[in-house]
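Student: Protein sequence lines correspond, in order, to chains A and B. In terms of our numbering, the numbers along the first sequence are unbroken and rise by one, the last being 129. In terms of our numbering, the numbers along the second sequence are unbroken and rise by one, the last being 408.
I should point out that these hints are in silico values taken from the structure, not numbers from a laboratory. Here the structure is a predicted model, which means the values were calculated and not measured. Watch out, some of these pointers could steer you wrong.
As the list claims (entries may be wrong) - To be clear about the criterion: a stretch of chain B counts as covered by chain A if any three or more of its residues have a C-beta under 8 Å from a C-beta of chain A, and this derived list gives those stretches:
#	stretch
1	349-360
2	385-393
As the list claims (entries may be wrong) - If the Cβ cut is set under 8 Å, some of the chain A residues that face chain B in the computed set are:
#	residue
3	14
4	31
5	40
6	67
Where a beta carbon is used, it is the ideal one built from N, C-alpha and C, also for glycine.
Spelled out, the chains give:
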Amino acid sequence: MSYSDKVLDHYENPRNVGTMEKDDPNVGTGMVGAPACGDVMRLQIKVGDDGVIEDARFKTYGCGSAIASSSLLTEWVKGKSLEEAGKIKNTDIAEELALPPVKIHCSVLAEDAIKAAIEDYRGKGKRKD
Amino acid sequence: MSTNIQRPIYMDYAATTPVDPRVAEKMVQYLTPDGEFGNPASRSHPYGWNAEAAVEDARKQIADLINANPKEIVFTSGATESDNLAIKGVAHFYAKKGKHIVTSKTEHKAVLDSCRQLEREGFEVTYLDPEPNGLIDLAKLEAALREDTILVSIMHVNNELGVIQDIAAIGELTRPRGILFHVDAAQSAGKTEIDLSTMKVDLMSFSAHKIYGPKGIGALFVRRKPRVRLEAQMHGGGHERGMRSGTLATHQIVGMGEAFRIARAELEKDRAHITRLRDRLYDGVKDLEEVYINGDMAQGVPNVLNISFNFVEGESLIMSLKDIAVSSGSACTSASLEPSYVLRALGRNDELAHSSIRFSIGRFTTEEEIDHAISHVRKAIAKLRELSPLWDMYKEGIDLSQVKWAAH
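Using the sequences plus the hints, can you model the full thing?
Tutor: Rendered as structure tokens:
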């Protein structure tokens, strides 16, 4: 498998690796994928009172493009409103990283991860009400 | 050939081996105008006679390694063709006798796909499940044999796991029943003893490029006593006693012969060297948590070490190990996105199949290379587990098999 330089860069130097307190009301966690399928992404976002994503962290079990997709995603969502972040499309990620066709599902997983994280955060908001 | 960029350490000997320089040196003597370039089938001049003599010498060298008669060796383009010729050739010749074949789920694709083709032609095939260590349970094999079984095909050494099947014992089950027994020995020749004067094997496939010979040449052993018949797959000049037509590739055959000669002379030396290095490699990584051996080190060849590093995905591990040339059972390294069918057939969960790495070492592997590999592997595992949410969960004591995953 020959990867683009961008994938290799994110793989070699993954951005924003880490874990946030999942019970923090300002943190939304999205975990998608399954070990049996060979990839699991956990994306966490910390949302300010203004609804803007202040910080993002990820951990990913998966191939190089799964790791790169989630690493890139954490860079992209920081500073975005939840609405903007929810509009990130897998095709944007695939294009930015020049993913080969067999790896497109990794970018789909990343899109699922941000959507799941936003949903988790919004769910917490409801519980507070 | 020399390049400034350091090439990765080669640890994929089960995929192919470099040609031993002694083999290459012999091969070049059979190509050029001043060499023996003749067609071994030419009967009217010394060019042909000399080429034929070289081919017959090689045939004997190959037969000697496996204790067979040179007349029982049929040259082919490789083990894939040998498997095709053995399985389809026997099935077509003996179809009137019966249409049932027994094989296993962990066979090479050349065997499995030949069987699939025969199923399309109306044959019935039983695919045995191996035990969790990769070995075939002889009682299960015996139970699968029927009145109309004409062929059993079981590999000697598995290419992914390195486990050695007890082919001598299988032959004792097939011979009294008049069932032919084919063995794919591509991974075992030169690595473990093969004695066809005692083993009741009827057909055996060989490859040159797995034992320091050239690619593109192989052989099929076809027993003469009791006689085994085949329907040829390749028709033409009636070469190889009508079983495989096509001009013999003298230089390839000479290379294969020399490789088999060296393998016979140096089997013990190679095995001692490789066992020592395999043990060193395993000792260097076994203390990492959640490390699993795929296969069975006690009943395997030493040149293959297949390990799953749990919670780390195989393709990303291979990316981290870019200084080492290895292969993985991970789906992500295959075009099909399916994890290794061999590991799945063992009943390994998919996670462990995705996390597997096959290290295969050989004659030219050095202690220094092993030590490099150990240090690279340890660094890569530490890095990727730091990145792995599954490792986090494992450390928190969460049972991953109880988690509801959103499969995709």
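Student: Hints broken by the structure, by number, lowest first?
Tutor: Per hint list: zero violations.
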